[in-house]
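Every position in the sequence shown, counted from 1, becomes a number in the numbering used here once 339 is added.
Any given hint might turn out to be false.
[Unchecked claim] If you anchor each label on the Cβ, the simulated ranges turn out as follows:
id	residue 1	residue 2	range
1	W579	C410	45 to 53 Å
2	E448	F391	16 to 24 Å
3	L427	A520	42 to 50 Å
4	P445	L571	29 to 37 Å
5	E390	Y472	31 to 39 Å
6	W579	K483	22 to 30 Å
7	S497	K528	41 to 49 Å
8	W579	T454	33 to 41 Å
9	E444	A400	23 to 31 Å
10	N471	A520	17 to 25 Å
11	W579	S497	35 to 43 Å
[Unchecked claim] Restricting the straight-line Cα-Cα distance to at most 20 Å, the calculated cross-link-like pairs of lysine to aspartate or glutamate (DMTMM-like) are:
id	residue 1	residue 2
12	K555	E526
13	K548	D484
14	K548	E390
15	K555	E370
16	K470	D541
17	K555	E374
18	K528	E500
19	K528	D541
20	K573	E526
21	K555	D482
22	K573	E545
23	K483	E500
24	K528	D484
To be clear, the hints were calculated from the coordinates, so they are not data collected in a lab.
Beta carbons are placed, not taken as given, at the ideal position from N, Cα and C, and that holds for glycine.
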Amino acid sequence: MQDLTVVILAAECGQKCERWEFAEMPKQLVEVRGETLLGRTLRLLREGGSEFPWLITRSDAFLGFPAIGWCPLHSDTKAHSLLAAFSLWQSGDLLVLYSDVYFSEPAFEAILGGTGTRFYGRAGRSAFTLKNYGELFAIRIADKDRLRAQQMLETLISHHELTGNQSFWCFYRLMAGLPLADSNATEHKYLVRLHDETDDVDFVSEVSKLVEAIEKPLRWRARYLARRLSLLNKLRRERWRGVPQSREE
C-alpha cells in the first residue's frame, strides 16, 4: 500500500474516555470475540497491505502491538492529535482510523479502497448496535487537501476553545463546506455511510450489543427489524417535511 500514511488515534483524553468505566484498561484493549479492538484494526491493516502504521498515543499500554508509537505534544482532542500527526504525513493520502472501533471486513475494505477526501461513518441511529446517534470511524484526507485540512483543524481547535465542542463532525462540516452550527447537515460527496455492525465502544454495556450485532441471534434479528422499520418511517417523515437527515453525538 504505497503513498498512504496511516495513523490510528489513541491519545484523546476527553469526554469519551471519561465515560469508560474501567480506567485500568483502555477501551482499545476490549476483546470482541477473542480479539482486541486495536488488534483487529492492525490485523485488517496488515491483511490490506499496510504494515506498521503510526499509533498516536500517550500510553505505554499498547507496547507490543505491531505499530509505531508516537506521542503528540498536545492531545486535548482528536483535532489536536491529528494536527500534530501531520508531521508524520509523507507522500500520498493520509488515512486516519479511530482506535476504539470494531470494523467489519466490508467496511474496512471500503475504507482502504477509498479515494479522495472522505469521512466514513453513520449519520444517524444504528439498526445493528441500536445506538441512538451517529458516529465517525475513519477519515481519508487527500494529499491535495493537506493545507485546507490543516487550516480546518486549526479552526476546529479554536471552535473547541470557544464552545467546548470537540466533535469531528465539525471537522467534517468544515471540510464539506457545510454550516458549522447545523448539527444535522450532511451531504454525499465527503460522507461515506457505513451502516452495519461497525461501531465504536463508549460504554462497557455496549460491548454485548456489539457482539449481538456481529453474531445476529434470533432476539437481535427481531430488534433489528423493528429498528429498521422505525428508521425507514423516520426517513419518510423527514423527507416529507424537508428535514436534513442526520443526527450526531
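If you test the structure against every hint from before, which numbers come out violated?
Of the numbered hints given earlier, those the structure breaks are 3, 4, 6, 7, 12, 13, 14, 18, 19, 21, 22 and 23, listed in rising order.
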